[in-house]
Structure formats: structure tokens, C-alpha cells
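Protein chains in written order, with the working numbering: chain B, 1 to 282; chain F, 283 to 637.
Keep in mind that a hint or two might mislead.
As the list claims (entries may be wrong) - Here are the simulated BS3-like cross-link-like pairs (lysine-lysine), alpha carbons at most 27 angstroms apart as the crow flies:
#1 Lys-111(B) to Lys-225(B)
#2 Lys-148(B) to Lys-425(F)
#3 Lys-356(F) to Lys-309(F)
#4 Lys-425(F) to Lys-9(B)
Stated by the list, open to error - Facing chain B, a subset of chain F residues (Cβ under 7 angstroms, in silico):
#5 Tyr-456
#6 Met-457
#7 Arg-471
#8 Ile-578
#9 Ala-582
#10 Lys-617
Everything labelled a hint here was simulated from the structure, so no lab data went into it.
Only a predicted model underlies this, so the values are computations on that prediction, with no experimental measurement involved.
Glycine included, every Cβ here is placed at the ideal spot set by N, Cα and C.
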Amino acid sequence: MKLIRHKDKAWMGIWLAVMAGVGVWDVLFLNKPALKQVVAGFLNTFVISLLVVIITLACGWLVTICLYYLEARRNKTGYLLLTFLLNLIRSIPQIVGILFGYILVAYLTGKGTLQSPTLVFPLMAAIVSLFIFIELVDLMRERIEYYKRLDFYSAMLVCGIPESRIINFDILWKNSRLHIFNKLISVFGISVFLQCSVDFIISVGLSTGVSSVNLPLTLGSLLAKIDSKQDILAIGHTLTHPSYFPNLFFGHLQGVTVAFLIVFTLMCIYHISNGYAERHRL
Amino acid sequence: MRVKLIEHFLSIGVVSLILIAALFISKAGTVKKESPAYARFSDISFVDCNNPFHTALLHDVYNIFYPGRYDENKRIVNELIREKEKQFRLSLMTSHVKEGLTGRKFIQLGGMLLKFVLVYAVVMFLTYYGVQTFGVWRFIRRKRQVALRLENRPAGFAVSCITLVKKIAQTGVYMLLFSPAYVIAYSIRTEFNTDTVFFVVLLGVVSNGLLVMYTNKFYTFLMTESRKGYVETAVVKNCKNSYSPHDRDGIPYREIFRIVKRFDGHVFGHIFKNAQYQYISTIKEQASFLITGLIIIEMALNIHGYLNYEMLRQILYANYDIVIAIILGIFYTVKVTEIVTDILYHRVSLKYENR
Chain B
1 MKLIRHKDKA WMGIWLAVMA GVGVWDVLFL NKPALKQVVA GFLNTFVISL
51 LVVIITLACG WLVTICLYYL EARRNKTGYL LLTFLLNLIR SIPQIVGILF
101 GYILVAYLTG KGTLQSPTLV FPLMAAIVSL FIFIELVDLM RERIEYYKRL
151 DFYSAMLVCG IPESRIINFD ILWKNSRLHI FNKLISVFGI SVFLQCSVDF
201 IISVGLSTGV SSVNLPLTLG SLLAKIDSKQ DILAIGHTLT HPSYFPNLFF
251 GHLQGVTVAF LIVFTLMCIY HISNGYAERH RL
Chain F
283 MRVKLIEHFL SIGVVSLILI AALFISKAGT VKKESPAYAR FSDISFVDCN
333 NPFHTALLHD VYNIFYPGRY DENKRIVNEL IREKEKQFRL SLMTSHVKEG
383 LTGRKFIQLG GMLLKFVLVY AVVMFLTYYG VQTFGVWRFI RRKRQVALRL
433 ENRPAGFAVS CITLVKKIAQ TGVYMLLFSP AYVIAYSIRT EFNTDTVFFV
483 VLLGVVSNGL LVMYTNKFYT FLMTESRKGY VETAVVKNCK NSYSPHDRDG
533 IPYREIFRIV KRFDGHVFGH IFKNAQYQYI STIKEQASFL ITGLIIIEMA
583 LNIHGYLNYE MLRQILYANY DIVIAIILGI FYTVKVTEIV TDILYHRVSL
633 KYENR
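Bound-form chain B, shown alone:
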């Protein structure tokens, strides 16, 4: 009952249960090669998204601290340069930035410069993080500003506590980690969404040298495959031929599974983030 009362935990449970259910269904009715691809796509997408979360946190924290010290030390040139750069990245639509980043990765992989997945995965995650981490920087700076306006900050300074400890530990860790964690949940969701979209787009094959074949298989690129596309088209067919509906779960399982995994995951992440914010009154 406690689990149901907490919306975020309940949705986490629903997501895990549904994923397990889909997994069992696919083991029973999906052919082995396709199942292997779906599992690989799912795992790759989630590993890259997790890496995005870690890199975003590291970059966000680092840039926030840099900005804080540049502002506090009245280093106007450094501060203006960094904010200018951040605003510049903000002005580039995320999808365009990531698309070009992925093209570069695919090109390098195709040429053989990048071979190992231990290099490709973090590089792909870093590209996605570059266009997301600013949201975390905004949140962290907002939190620091808020606490600086309170007596709390001045009182701690008077007590002789170093400024770095107040900012890093007392403000960001002790008093803002719930906010940061909530932001990271949505970063995970945005990352899944952007990754799938970019992979879907470049899967049309941008040139002979740049192709998604050179990138790790993800849910987006799997959805763009011709057999998955035909499975998705079959969903539309059921709108006018409802009797065809049961076939979706047997004959068109690959595409339907991939589309469902993307959509259901995005929805669950939204509910988990929402529930988490409600539970902690953020």
C-alpha cells in the first residue's frame, strides 16, 4: 500500500513489471535474431542514457562552480565568456547539435578511427550531454542564488566555514540534491527521446561514409529498420480493419515492441519525475 501511495515508486514498479511482461511475451513469440536485436537496442539506449546522466551531472556541477567563482572573484571577462558560450549552446536546437555530433561519430567509426564501444558510448553520451547540461546549470545556479539571499549563507561564513564547503556540500548536496536528482530523472527521459529521434533520423543513411550502421544499435535505429517500419504501418491498418488488431502482437512484434518500449518508457519517466517532485514537495 505504501508503494501505491508514492506515485513515483508505483510507476517505477509498473515500468519494471511491464518491461518484464514484454520481455516474456517477446521470448515466447518473437524470433531469436529479432529478440537479440531488441535486447541489444534496449540495453544500448539505457547505457548511453545513464552515461548522459553521469556526464551531465559532472559537467553541470563543474560549470556551476566555475561560474560561481568567476562571479565571486569579479573576473568579468571569464564570466562573460563562459555565459556567452553557454547561451550560444542554448541557442542551437538540441536535435541539430546532436545530429551533427552523431554524424561525426558515425564518420569516425566508419573510417576506423573509433572502434571500441568503450569509446563510442561515452562519446555519444558526451554529445547528448553537451546540449542538455545547461538545464542543470540553471537549476544549480538558481539554488545557490536562493540560499545566498538567506541568512543561512552569511551565518555559515561568519562561523568560519569555507565558501567551497557551503556551496558544494551545504547548498548543493545537503539542500538541493533532491532537486538535482529530479532534474536528472528528466535528463534521462530527454536523453532517451533525443537519442531515439536522432538515430531514427540518421538511419535513412546520410551518405555512404556516414551511416547509422557504424553506430551502436539503439531503439531509434531499430525502429527505422524496414521491418519495424512495416510493423508500425500495420498499427494504422488496424484503425480501418479492427479485426487485424490481434496480429500486431504476433506478426508485427518487433516494430510494435520497439515503439512501445520508447513510448511507455517516456511516459513512465514523466510520471516518476512528477511523483518524485510531489513526494518531496519540490
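Take the given structure of chain B and dock chain F to it, following the hints.
Relative to chain B, chain F alone:
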């Protein structure tokens, strides 16, 4: 405000400079390099490589001009013939895809950008209206539910069943709203024409989770405002505070769905205005997400005549000068949105802070 504007114009200037420089570099980089072995003999346009008489004649001419190197001359002629054939095949393959940034192309791209901006403006208006309407509706529904719970009405079996059905339907709607545009588009492609502007607008509004996420944000602003002290003071001072649609002092449905919402004399009017003020700072974020969504829609649907599909096509054909011009257009669109939002926020701030 002045600092912000300077920053915007500075970034416009810097990015324009970088991209225009990249445009010239990409144009300069397209000059072809030839193999040095036959480079000086390749400009013999009157020689028909498919004609054996021409090639034999060419070989003889080489032997006359460069005597004593028969094999070398034969190799050069063969290489020249191969290269000419290769160039001919390549020109056949790329004649329809190689494009330059000519005046005509520039006007064509301008038209596409205009269409993109128009679609963007329409979707922005619709989502802004949708976010506010659904946010208000959700807030009022919540208030009504709280009032009903206070009345302690018992929930029977029928009510529980209806609630369950509602929950399932709600999950279905959420799944639709969270579907990436390409999933929805491909799902209904066989039954509907998805290549129209109307469909792009529709997808822009209902897909990618835009409407749900920002409705939730606006709803959170409304909830935060409703917990503030001035609301309780207003209620104590007899300001209207019923949320029932049937009460004389309540909020009727037509007020919720109006384009310009006014709740005069009702405590919710103040909550709404203050939440609206807070929401203005989120518009920039919403606009940025919307542009990302529209780019995904245009690229994934593969519809000719749309700016972002054109960008994808030109990347494929390696016409980088056109790609740079398109990126510049999108960048200006984002920047104009940011400037307009900042000015709007500044103006409203002045009003709210009594300056």
C-alpha cells in the same frame, strides 16, 4: 535588459561570422583535384573516348610528341580514358543532387524558412493556449475533487469502475501524447495523408510530450500560487472562491476554454495572473523544445519542400553550403524567439514589480 540584448546581438554576430566563413570554406573546398600523371592531358574535350579511332589517334599523337616511351604513353591514354568515363558516370549520378547556393536556391530556402516559421508560430500559439487551458482545467478539477472529498460522498462500485476506466483511458491519452512524432506519423500513414502542413501542425501540438510536460509545469505554478498567503486573505475578505461550474460564484466551463482567460472578481483570477507571469520565463524553454520537435517531425516524415528535410537531403548530397545556410536560418529563428521572450518578460516584470 540592455546587457541581455547586447549578448543576443553579439552571439548573432559571432555565429553569423563563423557560419559565413564556413560557407566560403566549404565552397572553396569543392574544387576538384586531379591525378598529376594525366592532369596536363585531361583537357582534350574533342576526343571521344568511346571511339577507337580517336583513342588510337591520341596514342599516336603522344608517341610523336613523346617518342621512345611507348608503354608510358599507352598507360597515360588508358588512365585518361578511365578517368573521363568515371567523371561522366559521376556527373550522371550527381547531376540531380549537386546544388549550389544560387540566388534561386536562396529564395527557395527563404520560402521554406517562412513556412517553418509560420508552422512554428501556429504550433506555439496552440500549445500556449493548450498549456494554459489544460493547466487551468486540471487545477479546477482538483479543487472540485477536494471539495467533493470534504463532502464525504461514498464511492460505490459503479463509481470505482468508472474511475478505473477513466484511468485506463487517461494512460492511453498520455501514451499518445508522449509518442515521438515519427511513431504517430508512421502508425497512421497508410490511412491518412501525413504530408500536409495541417498534419505537421497537429503532430507539433500532440506529439513528443510537449503539451503534457508544459501543462504540468503551468499546473505546478498554479498550485504553488494557490498555497500563498494572499489567497487565504482574499478568501477571508469574501472574494469569490467556489470552483463549481454551477455556482453563481463559481467558474463556468466557457471561461476555462476562452482564448483570453479572465476570472474577474474570483480569487482564481489572481492565482492565474501570477502563475502566467511565472510561466513567461518558461516560454523560452518551451519554444526551444518545440523547435526541436518540429525539426524531428520534418526530418522524420521525409516530406519534400520542408526546411529540415531539405537540410537532411543536402547533408546526404554533401551540399554543405546549403546546409550552413539552413542552420543559420534556424539559429536566427531561435534567437528572435529568445529576444522577443526576454523583452516580454522584462515588460511584464516592470509591471509586476511596480517600476
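We went through each hint and held it up to the structure:
no.	hint	in the structure
1	Lys-111(B) to Lys-225(B)	holds (23 angstroms)
2	Lys-148(B) to Lys-425(F)	violated (35 angstroms)
3	Lys-356(F) to Lys-309(F)	violated (36 angstroms)
4	Lys-425(F) to Lys-9(B)	holds (25 angstroms)
5	Tyr-456	holds (5 angstroms)
6	Met-457	holds (5 angstroms)
7	Arg-471	holds (6 angstroms)
8	Ile-578	holds (5 angstroms)
9	Ala-582	holds (6 angstroms)
10	Lys-617	holds (6 angstroms)
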